[in-house]
Amino acid sequence: MLDQLQPHSAVLQAVAPLTADDRLFLFLSAEPISATPGQFVEISIPGVGGFPVSPCDLVKGKQIYSCIRKAGRVTSALFELEVGASIGLRGPFGNGFDLSQCVNRDVLLLAGGLGIAPLRALLAALLKTEQHRQLILLFGAKTFSALLFRDELVKLAKAHKLKLLLSVDDDEGLSHVTTDHPCRVGLVTSLLDELTLQCKMTTAVVSGPPALYRGALEQLATLGLPPERIFATLERRMRCGIGECCHCVTGGVYLCQEGPVFSLEKIRTLEGALE
Amino acid sequence: MIPKLLKIGVVHFAGCSGCQLMLLNCEAELAILAQRVDCVDASMITSATCEETPFDLLLVEGSITSPSEQQHLQKLRLRCRHLVAVGACALTGGINRFDAPTRETACTHVYGPVADQIETFSPQPVANFVAVDACIPGCPPEHSDFLDFFGALSCGVWPTQRDAPVCMECRTRELRCLLEEDHLPCLGPITIGGCAARCPALGIPCEGCRGEVSEANRDELCHLMAKTHLSKSELKRRIQRFTGGENV
Amino acid sequence: MKDTHLPCFRIKPDFYDALAHHLAADFEFWASLVGADGLCRLQLVASPPENTSSGLPGIPFKKLLLPPAEPLWSWDGKTFQSPDPQPRRAVFGVALCDLQALWYLDQVFAEDPLYQERRQHLLIVGGPCQPADQCRCHPDESPLAGDLFQTHDHIWSLSNRGHAVLKELAKWLGATVDRPLPKPLQVPKPRADIREPLFRASTGSAIWQQSSQSCLACGVCSAVCPTCYCYDMIDHTDLDGKSTRQRVWDNCFFSTHAKVAGGHDFRPDRAARLRFRFEHKKFGFGPLRGRPSCVGCGRCLKACPVDIDLDQIAEQLNAGEA
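Chains as they are written, first to last, in this note's numbering: chain A, 1 to 275; chain B, 1 to 248; chain C, 1 to 322.
No lab work stands behind these hints: they were computed from the structure.
Do not rely on the hints blindly, as some may be mistaken.
Unchecked claim - Distance condition first, Cα-Cα at most 16 Å in a straight line; then the derived EDC-like pairs of lysine to aspartate or glutamate: (1) C:Lys302 x B:Asp163; (2) C:Lys259 x B:Asp163; (3) C:Lys12 x C:Glu168; (4) C:Lys302 x B:Glu180; (5) C:Lys259 x B:Glu215.
Unchecked claim - Incomplete in silico selection of chain A near chain C, CB under 7 Å: (6) Pro7; (7) Pro17; (8) Ala71; (9) Gly72; (10) Cys199; (11) Val249; (12) Gly252; (13) Glu275.
Just so we're clear, the structure is a prediction, and the values are computed from it rather than from any experiment.
Cβ coordinates follow ideal geometry from the N, Cα and C atoms, glycine included.
When you get a sec, could you build the whole thing from the sequences and use the hints?
This is the structure we're talking about:
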């Protein structure tokens with residue numbers, strides 16, 4: 001754990017465009033940092049502000065990969081920075097995914113849009129240990145080009161590491177794409193129709209905007225998955241990361257500390273968690 | 001993070017020039033500011049003018065009151081990379097706009113029989129005619145507004161937009177509540193802070209010069225201000241003074 | 001503090017002069033004073049007052065631990081730097097409710113380096129209070145924090161630090177006996193508490209909308225509350241290129257409190273925000289869940305321009321009226 005309030009220096013080491021608004025950033029921390037999938041760090045641009053983000057790959061030593069969308073004032077400023085720029089880094093914060101829930105179980109990952117980022121880190125952790133049974137990823141985005149990391153996911157699917165089902169909300173342009181992997185037009189949750197799950201032996205993890213997890217969690221429960229093994233990472237305004245500033249509190253719980261990953265069983269007890 | 005020398009200009013429309021004066025009054029910081037910016041056109045700051053060269057940044061003070069001002073503003077917009085509306089007049093029309101209901105009478109009173117030959121219109125905010133990239137609120141803005149602005153600019157961003165009201169700053173300064181204790185028509189609860197409750201600290205109720213917070217509860221404030229000696233229409237005019245809105 | 005007996009000493013004449021002399025080398029003195037405008041403020045004073053029952057300061061002494069705007073760090077373009085060390089302060093005449101609030105903040109900020117540094121630099125001396133109309137304290141409620149507690153003829157030791165101070169002043173102390181702290185003479189009305197299941201069941205109640213309709217979102221309730229601690233973080237850069245991140249007092253009624261980049265607001269209206277504030281004050285958040293954070297000081301009740309009264313809401317819910 002780095003200092004709670006004062007960031008450590010880090011450098012923006014590389015940037016790669018993913019879509020018009022999303023880029024993959026590599027930060028090099030001055031200090032080694034260990035973050036498990038699902039945890040988050042705060043990126044600070046001194047003089048501008050900070051924002052929380054989940055690493056989108058395993059954190060190795062001092063390297064942190066994050067997939068960041070230009071969504072506000074601070075992320076916009078980040079997009080303007082040049083490689084080599086100094087930034088600040090705090091964290092990691094939060095609980096992260098409980099990998100032990102995946103051991104000897106089928107793992108169903110359900111990602112919407114940018115929600116793929118923390119699940120990509122989880123995917124990397126699962127593939128590293130190989131203690132799960134079947135691994136399924138349902139991944140939906142607004143458009144085909146917003147299916148982030150599609151190429152590498154398809155590659156994993158072709159290598160039989162992963163069962164991959166894709167969807168887009170909007171089929172605009174889809175017909176022009178020569179695709180090496182099927183992609184349905186519709187909501188990502190509609191892909192559940194294509195699966196025959198061994199519900200009692202499955203752990204599900206949902207990551208995406210509130211509009212996704214609001215419906216998807218109960219839908220999975222209806223299919224027969226036990227609520228204690230349906231997980232979601234909840235979005236909130238995370239500011240301090242250390243259970244003080246109160247912005248993220250939901251149902252009396254500091255999401256930045258006890259969360260952001262919760263089981264549906266717990267979520268049902270948190271008032272307003274799905275709003 | 002410090003960018004190259006920025007070419008800036010300050011242009012003045014209908015207003016008192018108090019905003020520009022406030023910038024000049026940042027005396028302790030002017031020397032260092034002069035190393036950051038090259039002020040190429042500003043009536044109170046330099047005798048130089050630049051008719052054609054482009055601005056990196058143009059600060060616009062005052063409201064727009066005539067077709068010729070409107071055209072001038074629109075031409076300026078084409079010459080500047082970023083345009084910043086400075087002060088209440090530029091942001092909402094300011095107190096100039098207070099003429100609105102009695103405009104014709106006022107024109108006749110001032111210009112006499114030639115009133116109908118004067119081409120003016122009710123004072124308008126700058127944003128009604130051109131795209132505005134950033135705002136510096138206040139009548140006039142605080143020194144800290146200008147310093148934060150140029151500080152943020154050196155980091156490549158506009159300053160954080162605040163939405164916390166004057167009341168919060170007034171309380172943290174432990175000032176006497178003029179609304180509650182003295183039944184004065186203070187607009188602190190619905191006015192964006194950033195002034196450190198300058199007026200209430202002097203015993204003067206907030207006039208609302210920094211503009212309204214995003215979810216201003218005007219109805220309730222009017223209800224509260226019923227305890228003051230002001231009539232309903234006076235209260236309405238008071239709330240409208242700096243916001244220029246007709247929808248009170 | 002019900003029936004909790006604490007070490008108490010009778011004090012000899014000139015004790016307070018000796019205390020002031022003893023502390024003067026290391027500490028600034030702070031005490032509550034009523035100004036010409038009638039407002040009571042906790043402020044820097046030349047010497048510790050002997051009579052400390054001047055009433056509650058409008059802004060509680062959390063302002064010394066969590067200032068309204070406090071630098072968290074600064075950045076000179078190369079490294080992050082910690083803020084300057086804080087002065088040592090001895091605060092006199094802190095009422096029981098504020099000592100309870102101090103205990104509460106101590107728990108919330110147990111791991112916060114800046115709070116802890118300020119806290120270590122504070123010597124807190126409690127004192128008797130005069131309950132006002134809006135007081136709703138539970139003087140028997142434990143726990144509380146602080147170092148000493150003084151009356152005109154006795155002084156209590158509340159902590160190891162307080163004990164160490166008294167040890168140095170043994171000459172001015174008389175007999176010791178363990179006894180409870182003196183309680184306020186009359187508390188008009190105790191704080192109204194409510195059971196959590198009842199609160200949970202009231203999600204759809206119209207009371208939240210009704211009671212919050214008049215809220216101006218002025219922020220005053222949290223500014224005056226001794227256990228409101230939510231903060232935002234704002235960066236400033238000066239013209240020399242030095243950037244500073246400040247933590248500033250926030251308020252859960254402000255439009256930005258639960259809004260994320262992209263625009264989604266997790267508490268989009270005043271009703272949701274009032275419910276959030278009520279929940280915090282009546283049940284606490286996180287590890288402190290289950291214990292009211294409200295100490296019943298009555299400040300919010302006095303300060304709210306539109307008289308929003310959390311206790312009244314609790315009473316209505318308890319009575320099944322909402």
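Okay, the hints, checked on the actual structure:
1. C:Lys302 x B:Asp163: With a Cα-Cα distance of about 24 Å, the restraint between C:Lys302 and B:Asp163 is violated, given a limit of 16 Å.
2. C:Lys259 x B:Asp163: Between C:Lys259 and B:Asp163 the Cα gap is close to 12 Å, so the pair holds against 16 Å.
3. C:Lys12 x C:Glu168: holds (14 Å)
4. C:Lys302 x B:Glu180: holds (10 Å)
5. C:Lys259 x B:Glu215: holds (13 Å)
6. Pro7: holds (6 Å)
7. Pro17: violated (19 Å)
8. Ala71: holds (4 Å)
9. Gly72: holds (3 Å)
10. Cys199: Nearest chain C Cβ about 30 Å off; hint violated.
11. Val249: Check passed: Cβ of A:Val249 comes within 5 Å of chain C, closer than 7 Å.
12. Gly252: At 5 Å from the nearest chain C Cβ, A:Gly252 passes the 7 Å test, so the hint holds.
13. Glu275: Status holds, d = 6 Å.
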